[in-house]
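Colleague: If you're matching them up, the sequences are chains P and L in order. Sequential numbering from 7 applies to the first sequence in this note's numbering. Sequential numbering from 7 applies to the second sequence in this note's numbering.
Hint data in this document are derived by calculation from the structure and do not stem from the laboratory. Only a predicted model underlies this, so the values are computations on that prediction, with no experimental measurement involved. Just so you know, not all the hints are guaranteed correct.
The list makes no distinction among identical chains, and a pair is therefore deemed to hold if it is satisfied within one copy or across any two copies.
[What the hints assert, rightly or not] Subject to a maximum C-alpha distance of 27 Å in a straight line, what follows is the list of computed DSS-like cross-link-like pairs (lysine-lysine):
(1) Lys129 / Lys225
(2) Lys113 / Lys94
(3) Lys42 / Lys56
(4) Lys180 / Lys52
(5) Lys63 / Lys146
(6) Lys120 / Lys179
(7) Lys62 / Lys129
Number of protein chains: 2
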Amino acid sequence: MYSQAEENYLKTIYVLEKDFGDDVSTNLIAGKTKTKPSSVTDMLKKLAIKDLVLYKKYQGVKLTETGRLTALKVIRKHRLWECFLVQKLNFNWDEVHEIAEQLEHVKSELLINKLDAFLRFPKLDPHGDPIPDEQGRIIKNQSTSIIDMKLGSTGTLVAVKDSSETFLRYLNKKNLALGDKLKVIDIEPYDNSYHIETKTHRLVITNNVAENLLLKNVK
Amino acid sequence: MYSQAEENYLKTIYVLEKDFGDDVSTNLIAGKTKTKPSSVTDMLKKLAIKDLVLYKKYQGVKLTETGRLTALKVIRKHRLWECFLVQKLNFNWDEVHEIAEQLEHVKSELLINKLDAFLRFPKLDPHGDPIPDEQGRIIKNQSTSIIDMKLGSTGTLVAVKDSSETFLRYLNKKNLALGDKLKVIDIEPYDNSYHIETKTHRLVITNNVAENLLLKNVK
DNA sequence: ATATTATTTTAGATATGTCTAAATTTTAGC
DNA sequence: GCTAAAATTTAGACATATCTAAAATAATAT
Ligand SMILES: [Mn+2]
Ligand SMILES: [Mn+2]
Ligand SMILES: [Mn+2]
Ligand SMILES: [Mn+2]
Numbered sequence: 007m008y009s010q011a012e013e014n015y016l017k018t019i020y021v022l023e024k025d026f027g028d029d030v031s032t033n034l035i036a037g038k039t040k041t042k043p044s045s046v047t048d049m050l051k052k053l054a055i056k057d058l059v060l061y062k063k064y065q066g067v068k069l070t071e072t073g074r075l076t077a078l079k080v081i082r083k084h085r086l087w088e089c090f091l092v093q094k095l096n097f098n099w100d101e102v103h104e105i106a107e108q109l110e111h112v113k114s115e116l117l118i119n120k121l122d123a124f125l126r127f128p129k130l131d132p133h134g135d136p137i138p139d140e141q142g143r144i145i146k147n148q149s150t151s152i153i154d155m156k157l158g159s160t161g162t163l164v165a166v167k168d169s170s171e172t173f174l175r176y177l178n179k180k181n182l183a184l185g186d187k188l189k190v191i192d193i194e195p196y197d198n199s200y201h202i203e204t205k206t207h208r209l210v211i212t213n214n215v216a217e218n219l220l221l222k223n224v225k
Numbered sequence: 007m008y009s010q011a012e013e014n015y016l017k018t019i020y021v022l023e024k025d026f027g028d029d030v031s032t033n034l035i036a037g038k039t040k041t042k043p044s045s046v047t048d049m050l051k052k053l054a055i056k057d058l059v060l061y062k063k064y065q066g067v068k069l070t071e072t073g074r075l076t077a078l079k080v081i082r083k084h085r086l087w088e089c090f091l092v093q094k095l096n097f098n099w100d101e102v103h104e105i106a107e108q109l110e111h112v113k114s115e116l117l118i119n120k121l122d123a124f125l126r127f128p129k130l131d132p133h134g135d136p137i138p139d140e141q142g143r144i145i146k147n148q149s150t151s152i153i154d155m156k157l158g159s160t161g162t163l164v165a166v167k168d169s170s171e172t173f174l175r176y177l178n179k180k181n182l183a184l185g186d187k188l189k190v191i192d193i194e195p196y197d198n199s200y201h202i203e204t205k206t207h208r209l210v211i212t213n214n215v216a217e218n219l220l221l222k223n224v225k
């Protein structure tokens, strides 16, 4: 149906729409996909012809309903495979993203639904991200990034924004994992770094790290 | 490392070398891969430059050691994924080949070795084909095709040469499965068709079908 | 409001993998 | 051994997906 490149662009646009609102810009996509803006323009034209995005020259793009559904199907596959790798093959959560980037492009509705059943219909992937169902329905996880938390507030780490090996290894090293209760004990105005406290230890994290940690039950 | 197209050619050449002896011809490869001979020539040149095949113009190709090992690694992945699909996801043996054609190209040594362990190191895939180990070692299954059996001889069906959905569905319909004991009760000289007998029924199969059924303990 | 800068698009090139049609080489028939 | 047929290769084209450099457009700053 769609090529791997097309599927990857749709996924990227989906995520960017979520993070930055609609009308995603060419440069933003190029940044995320590590390609040049000219390549992005070429692809946006192709996607527009296939009715996967609405594209107006110089104005950025927006996913159509078909585009959004296609993106969600790829995301569903990605996250189910990540669950499989962690739960069944005993991978660590920092090792699965790159492999899932490949597996998500395997074409077979039956395969992914059987995998879903085998895993007993998980709702979240190893990084705390919700798994869309067969129809592309996805639970909105209204979690809060640490950068939106006030001094002294607490919450439970439920997801990470960045699933890269490097970031997750950093969290491993700092002894941070999903489910941990965190408290913001200081915010440094100079560099916007955060001092946080868990049940077992305290640590300082940069603003960049803080942005990628998502919490629930923030009080 | 290698592209999907390259991996597929190597696999095809490996199988053809086995079935027809070395120095595989351009047309033979084109037939198997459903491409044109001119495309095959182009690819053979590329594979030769990468030292995966020995290629002499107009003389066909032969895999190098690297080429053979690469082919075996892809075959290992293909067959392990087929095991996974049948044993864990409850696919039928006639549904898995096409999906495995995609999964076999996923790149990760760790993944395939963890999958191997998860499946408890199977020796045979759902079609009776041996699974190469990590080093590319493969058990030679000296099975006999029905076309090489004498009138009145018996044997146990242990593998099929053709793993296509159409052929396996034909076997399902005819109530033939791996493990069945067969006896050749008649050979029709006119069209080389075979009359065979199982524990439960008798049937007539064409020479083409007979060729694709592999037996052991032939007496 | 105009100039400068940043963003985006176009034009033209490259790499992969395929094709058709034509040329070349090998094989087989006599 | 020569000729016709078959097999193989070459030449040139096309589709996808990427790039660089240049041109066009939009945003911003004075
Ligand atoms: Mn991921
Ligand atoms: Mn994930
Ligand atoms: Mn197969
Ligand atoms: Mn098989």
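Colleague: Against each hint, give a clear statement of whether it holds in the structure.
Modeller: Results for each hint:
When the C-alpha separation of lysine 129 and lysine 225 is checked against a cutoff of 27 Å, the pair qualifies only within one copy, where the shortest distance is 25 Å, while the shortest distance between copies is 56 Å. For the identical chains of this complex, lysine 113 and lysine 94 are neighbours both inside a copy (21 Å) and across copies (18 Å), given an alpha-carbon limit of 27 Å. Taking the shortest Cα distances, lysine 42 and lysine 56 sit within 27 Å of each other inside one copy (22 Å), while across copies they are farther apart (29 Å). When the C-alpha separation of lysine 180 and lysine 52 is checked against a cutoff of 27 Å, the pair qualifies neither within a copy, at 44 Å, nor between copies, at 47 Å.
Taking CA atoms no more than 27 Å apart as the test, lysine 63 paired with lysine 146 passes in neither setting, with 31 Å inside one copy and 61 Å between copies. Within a single copy, lysine 120 and lysine 179 get their C-alpha atoms only as close as 35 Å, which misses the 27 Å cut-off; across copies the closest is 24 Å, which meets it. Proximity of lysine 62 to lysine 129 under the C-alpha cut-off of 27 Å is found in neither arrangement, the shortest distances being 36 Å within a copy and 56 Å between copies.
Comparing the model with each earlier hint shows violations of hints 4, 5 and 7; every other hint is respected.
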